[in-house]
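K.L.:
Following the hints, complete the assembly by docking chains L, V, D and P onto the known chain G.
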Amino acid sequence: MIEVPKIYELYQIWPVMILIVTIALILGSSLSVERKMWKYFLTAIAAVGLSFAICTAGRLMPVALAIKLSRPQELLFGKSIIFDQLFLFMVIFLCVFLFGVIILSAVLWSRSSWEWPVFLCSLVGSLIGMIFLCSTRHLLFFAIAFELASMPSYVLVGFRRFNTKSAEGSAKYVIFGAVCSAIMLYGISLLYGLSGSFDFSTISFALAAGGVGVTKIVALVCLLVGIAFKISLVPMHFWCPDAFEAAGADVAGWLSVASKSAALIALARFVQILHLSGTAEFNHSLMLTFTVLAILTMTVANLSAYWQTSVKRLMAYSSIAHAGYMVCGIAVLGDVMGVAAIVSYVVVYMLMNLGAFAVVGLVERETGSDDLKSFAGLGSRNPYLSALMIIFLFSLVGIPPFAGFAVKWIMLSVLWQHNLSILVVAILANTLFSMFYYMKIARAIYFEDATLPAVKFPVLASVVLTICAAGLIVLFIGWGAMNTYSNNLITAVLG
Amino acid sequence: MIETILFYIFAMIMVVSGLAILVSTNIVRMAYWLIGMLLAVAGIYFLLGAYFLGVVQIIVYVGGVAVLVVFGVMLTSRQLASQLLPRAWEVVWLICVTGIFLAGLVRMILKGPWAGNVKQSPQTVAEIGRSLLGNFIGPFELASVLLLVVLLGAAYLARPRVPTLGIKK
Amino acid sequence: MMNSTWLLTWIIFLPLIGMGVLLVVPKKIIRETALTFTLATFILSLLMIPHFQGSSLQISGKDYQDGFKLVNVVPWIHSSGFNIDYRVGVDGIGFPLVLLTTLICFLSCLASWNISKGIRGYFILFLLLETGMIGVFTALDFFLFYVFWELTLLPMYFLIGIWGGPRKEYAAIKFFLYTLLGSVLMLIAMLWLYFASNYNGEHTFSFIHLSMPGVLPSYASHQTMWIVCFALLYVGFAVKIPVFPFHTWLPDAHVEAPTPISMILAGLLLKMGGYGLLRVSYPVLPHAGAAHVVAWVLGILGVINIIYGALCAMAQTDFKKLVAYSSISHMGFVLLGIGLLTEAGFQGAMFQMIAHGITSAAMFFLVGVIYDRVHHRDITRLGGLAGQMPIYTGLSIVGFFAGMGLPGLAGFIGEIYVLLGSWQAVVLGPMGARVLTVISASGMILTAGYILWAIQRVYLGPPKPEYANTPDITLREICVMAPMAVLSIALGVLPWQTVFTFANGTLVHVLKLLPSG
Amino acid sequence: MIGLTHYLVLSAILMVLGLAIIISKRNAIAILIGVEFILNAANLNFIAFSRHGIGGISGQTAGIFVIVLAAAEAAVALAIFLNFYHQISSIDIDRGNQLKG
Amino acid sequence: MNIAYALIIAFLLPLLGFGILVFFGRRIGEPRAGYLAAGLIIASAIIASGSAVSWISRGQENRIPVSISVPWIYVGSQPVELGVRVDSLTVVMFTMVTIVSSCIFVYSIGYMHGDKRFPRFFTYLSLFGFSMLGLVLANSLLGLFIFWELVGICSYFLIGFWFEKDSASNAAKKAFIVNRIGDFLFFVGIAIMLGMTGGVNLEGVFAKVREGVFAGHGSLLTFAGICLFFGAVGKSAQFPLHVWLPDAMEGPTPVSALIHAATMVAAGVYLVGRIFPVFTPTALLFIAHIGVITLFGSALIAIVMTDIKRVLAYSTVSQLGYMILALGVGGWVAGLFHLITHACFKALLFLGSGSVIHGCHGEQDIRKMGKLHGKMPITSITFLIATLAIAGFPFLSGFYSKDAMLASMLAFTWTHGSHWILFILPSLAAAITAFYMMRVYLLTFHTTAKDEHIYHHAHESPKVMWIPLALLAALTIGIGWFGAMPERKAMGGGVYTYEGGRGLVGLIAEAQPRWAVSWQMAENLKSEKGEVSHQVFHTWATIVASSAMAMGIIFAFLVYSLKLISAQRMAERFWPIYNLLVNKFYMDELYRATFVAGVLKLAAMGKWIDKNILDRIADGSARWVVRWAFFSGLTLDNRGVDGAVNGAASLALAGGNFARKGQTGRVRNYVLAMATVVAIVVLVAGFVVR
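Residue numbers (our numbering), protein chains in the order written: chain G, 1 to 495; chain L, 1001 to 1169; chain V, 2001 to 2517; chain D, 3001 to 3101; chain P, 4001 to 4690.
Since the hints were derived computationally from the structure, they do not count as laboratory data.
Heads up, simulated EDC-like pairs for lysine to aspartate or glutamate below, C-alpha to C-alpha not over 20 Å straight-line:
no., chain 1, residue 1, chain 2, residue 2
1, D, K3100, L, E1090
2, P, K4661, L, E1090
3, P, K4463, P, E4030
4, P, K4607, V, D2318
5, G, K165, D, D3092
6, V, K2464, V, D2372
7, G, K165, D, D3094
8, P, K4116, P, D4166
9, D, K3100, G, D371
10, P, K4584, P, D4365
11, P, K4489, P, E4061
12, G, K165, G, E366
13, V, K2464, P, D4166
14, P, K4611, V, D2378
15, P, K4375, P, E4363
16, V, K2512, V, D2063
17, P, K4450, P, D4307
18, P, K4116, P, E4030
19, G, K6, L, E1141
20, P, K4450, P, E4363
21, P, K4661, D, D3094
22, P, K4165, V, E2466
23, G, K39, G, E115
24, G, K165, G, D371
25, P, K4601, V, D2318
26, V, K2464, P, E4164
27, G, K373, G, D449
28, P, K4116, V, D2472
29, P, K4584, P, D4307
30, V, K2117, G, E448
31, P, K4611, V, D2318
32, V, K2117, G, D449
33, P, K4368, P, D4451
34, P, K4607, V, D2378
Isolated chain G (complex conformation) (with noise of 0.2 Å):
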């Protein structure tokens, strides 16, 4: 039986319209406006398309409560689409972002040539698919989402032409994207032809019958490769050092959060809907993988991030680290809480870890190279902006009173109440490792003697950190607030 889509169904997918025609009006004045005008113009029009997608999914929220109220989930699109809060909230939140990242693109590089309406395209083109990534649970969608959100990416990374490590970082990037996704596709079709069918749920009800077998665990571990691979798992993290250290820092803080969060909150929904589903000893096991995962995860990025001398690799060790503590809220299973933890440290992620490569960015366009050295001495080359990133570096150890810790505290709190007490434990020793290597980017800032030229600080940058920086304190003291706005949130669209 075929499903003709309806035309409201449109209307309900709104803002992603608004971003795709944003991608065609980038590309339509780039033809018709003068050439060192892009610039300003299409950076423009990317903010305005970028905020109307915002404003319009905040005015859905209401219409997608109303759903919820009236039908237990609403589909989109032959079923492909998930429209509930949790995607006009991932809706909002990437575009939010965006608009940080894309600001501080236009701060960081000077791109009057042909380059910046493509590096626009590609980034809303990536939104597009992280937004889809995250909002479906038709297999073969996600799968094309996954591709449009990895694609742009590997472009995105190697987008620093003529740079050697960018040009080997995009082709790492994309053979190991082309390799995992490649693999995922194969566990698709596998999950297919257990189920006859691409609808997760459909395919965990029939993976729920007749026990666990090694096809299902083949087909699920396939999967599971491609969406570790999004949040940069061990093992399958090894393309974020690489990746992160050859884009420029906005692209890696592009990457580091948004893919990395688009995909959990993916995980998170097929996790719920297996658990909900799978039998007992099933749920255990999956608990297990996910414990085992988190842990392997953030240890070998805890570790291996303190040898590193590019801030930037650094950061990236970083945000594979963060990802294991993330991809503990999907351990809990069966808990929404979990889930929300995982979004309120999603949120609070963003601000420190765009704010981080924001200065990194900076320092990197004064001094040519993202190099610790680079980073010697900053405490007096410009204050500010030092005092600022020691605000990001401590709230990514997890200190308070920044954000950092308010979200690592529910997470830990959502663990502990569910005897995962091995990750409680697993947490704070990488939090003290992890102390190692933010603390060396402390210390060059302020126990080195600076040598390299003072750095400047353009005021649109240092609004957009002033407000990432204020927003993890302020975060930390209504982190209550936070917190419940996201169990809200997630008790409404998995509970």
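P.N.:
Then chains L, V, D and P, alone, in the frame of chain G:
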């Protein structure tokens, strides 16, 4: 019967081309073996009654992707092939991994509770079209965005380097 | 008169306001501004005194939970299973420590006058540190306590790391590592206790509620939880105290930190550990604290601290390191006093914290004074300063003898209380406590040994020509030192009026929470 | 008689061959060829399942999408390799060793 | 009651002096600082004397001990009070201390003339006066302990007064630390007492002890007593803690006179007297033996010392040993009586020696003096008086007190025959005392002048110095007269009453405890020998003491005045003994080799442990990890340990270095690693899970 023979022929072609690519050191030959493999896959599609897909496979894959690969090969073929051999430990490890992998997969395939095993009659192109614009409208539309963005990016990256051509580091 | 409900909040956050002000004031008046704010905080904290006047029942309340004054509760986070309040208050334990904090901060701000590098950052961090410390001593909500606890970490790290000596980085990171290790373990205990607690059907972080019987699951059925939580908390606090073998950060941090920061570090930061034991470990987990194994461990570690610290001090040639090790030795008395669960021991530990807060700050300041003048701290190269700097030497004698535990000076009372208390301890059986007491009392000899030896090598002996033109202590330095010297004497002569009258009732209440009564 | 299993085993062989190619080849384009193997293996699965009464027509539809994805991927990958080649002057992916550790 | 307040005022006056001098001393300057301090101490001496007169004139039945306490602190819930106790002993001691102090303060004005830290000297002296008086007045163990430490610290300051001299600062340090060892045990004793009796007030403690709180605690009471006694051992320089006192002579001579002869060192004896009731017979026996060892050993050493002050110092140690022994054998009155008389004549001796040193411009070696009698007659005469007094010449104060002590020793040996040594050695030592004191006197003031230079420049001291000498000489002569021991009547249960005492010794005897553990316990044992009249012992003691004294003096004359026996030859013939004595039985060396070196070694060890073990524990584990990594075929470069802080850190870092080696930079290896993991999962799933 004829199906069996054809199947084995195609399968043979696939495996042989795969192995040939594995042992080959010449990238141009690899590209041709790839075309062979793709054609064999198309043949299997025909065997499976997926005629439309077989055609698509030939047109898009053999005609598009493989040609793209060949272009790529030609654009980058200044490298001496013999330098590009893997390290010995990699090969050993590789054989172990792939052996395990294959064994596991075969076992899995044999055990798997597949959702059906009854041969159906071939589907028509019309059905595919209807499904493409019906149930699969979401992936279909998204794929269009994907292609747009990807081609844009690919075009950007593949554009020849502008001023510094010829200066090697 | 300010509304007393908010008084503590003002005290806590006034330095933070000062920090904001420092961001904008012109560079030349930064020092003055910072000093003004620390002084204002000190004066504000003096306003607490009227609340601690009257009969002992008025001061300490009728039981532990009743003893908190100036309590200010603002709901903070009450969502999805969390009950976190901004809950501050002081009782007999916290009140003297808050006063000590504001005073020592003021004095060390005054002692910071010759910091010249990056003074804006320095004083900003300084005030942040003050807020953190006052917060620790006033927070009555475990979460808030933890937040303030960690809040002290960041400024201290940078204060050591930026304004420190030659090995500042090493010292700073070591400090940071150890402290973070401790607080991470504390966090586990915090989680555990919170989710185990049940106060009127809800989990609670409030120290007041947690200390009530029945809020936590009974010791009989959850022995592991009690003991493990106690151990986790203990490590957290032991790092701060610092207890052997977690003490190695201290000599490094103290030696490398600039003088005023050493004063704060020794005078106040170490007290957070002892305070934590008295505020968290024992009231919240009384049965665990009364367990034999715990008492033994704490007692033995206390003794090791005393003897080991003194021995290490004796072997040092760096004057500041000597003082740092003497802190370890002195803080051993705090641990011993608390661990053996006698009233006198508790009193002694409390007093020792206050006294050591003053004397160690004084000693570090004195070392700093000489360092400012001769630019080294090598005891073997010093000597004969008594002739050149008579006033300084006189003040030093007071400071060091107070540290040595001379009767009539501050150090004496705490030590004898602890020793007399531990002699009578019943928790270790008749012989155990006595053996520990005798061993730790022999620390008195070692203490006298290293302090007198140091005094001899630094101040006595023939005057050395290279220090012939060393100027004597300046008026500003006297202003820093004089209050500490006066307090050293006042505490030694009038211990009851200065400390015990506030703390005693509360300490008795804490002891009453313990199962043996 | 050729059944579902035959096709699946064939696809598994393709998959493993692809993996082997990816791991053993240092030429970036050869690696891409390996990826195509895996994608074809997946596709083969889809169509075999579809033929054997699993999921109706959707298997074939999915096959089309996989081909699209493969094409897009090839385009991007080749562009990136070209860029790599221009920068590093080699198609040997192991030559890109600035980023490690 | 009023006397108590008067004494408190007298006790606070030196504190006032200290308070003024510590802040304004330098501005007041020389000599007014001396006048101020001396004036205040004289004032308190006058008050004390007045009080004493009023006390004595009361009649025995009205001389009831007074105890006033103010609450100070609560140790736990046990109140600790600070207070004063006034009884006959207090009054006597107080008066003695103030008078001797007055003499010495005045003397110091002359002696310290021209010293650049003149005001400082009087600051310390005032503080000492205050502390010592506090010690005398204290009515609780804790009070005793506090002032005990304070006098110790004053002693420290004053010994090290000339701190520019390394020997002085060493001696000061040594004095304090050795004292601390005694104090440590003293403190343990206090802790036992507080723990067992719930208080530190002396009367309360005695009452509790009498109630039998120690019953069933084995020999804890004995142990406590010995611990408390060790306070006295330290302060009164008894064996084995006597080593500090001779070194303490590095201080100015008035200090030696006041602190290290007359008052502070006697505080140990005073303490033993004060807490006498708690000593068990075993403890007392221990005390007696410590005393006898001390008195005999130091008397022997004194023979060979050549530094005038050191001779006096060993003589002090010896005399203190007498007192301790006397107390140990139960001669409470005799011991404390000797304390008073000794204070007078020993202060006189020291001041005399100070006068000699002053006159000889700092020379202290008696071998270089001689024939000074003509140059400084007053000093000579007073010195002779004191010498005779200490030797026990009849009708001088020392005669009476030594006689009393020997009598009590004899009485003790009579009942405890196996301890005959407790009488024989003191008798021998009496002769030795007479000998070495005469030796000093003769070598200093008579015989030939060995150093012409010194002789020529020698001169009599100024008036401000010799007037105190005269006053002390008068006291030395007179305070023993008209004394009579009171009758001691047993009331049963170890309780005694005393009636009919006369003179100073009678007064002291009144303060004698009415009950003591040892007496109580002794009563329980049947005395095997019959009761012998006290008078018999006195008679025999007088005979023994006088003949010993005569022997000693005669021998001294033979050796030093008539030169019939050559000291030189004696020394040569008995060289092992001589060496032993000159080196003070090698006690200092022994301590240095054992305790000092041991502690320093321990300290160095602690430092080493801190530096090398605790900091490196996990450094070591890190190294293990590295080694393991090498074995497993992966090279781990160990560069950049700069950031490695320590311990767990380097472990983690090494682990991190290991982990990041996986990131080879070759993407195929990434894929291989990933494929390996997937293959393992497939393997596990396919062949392990069902």
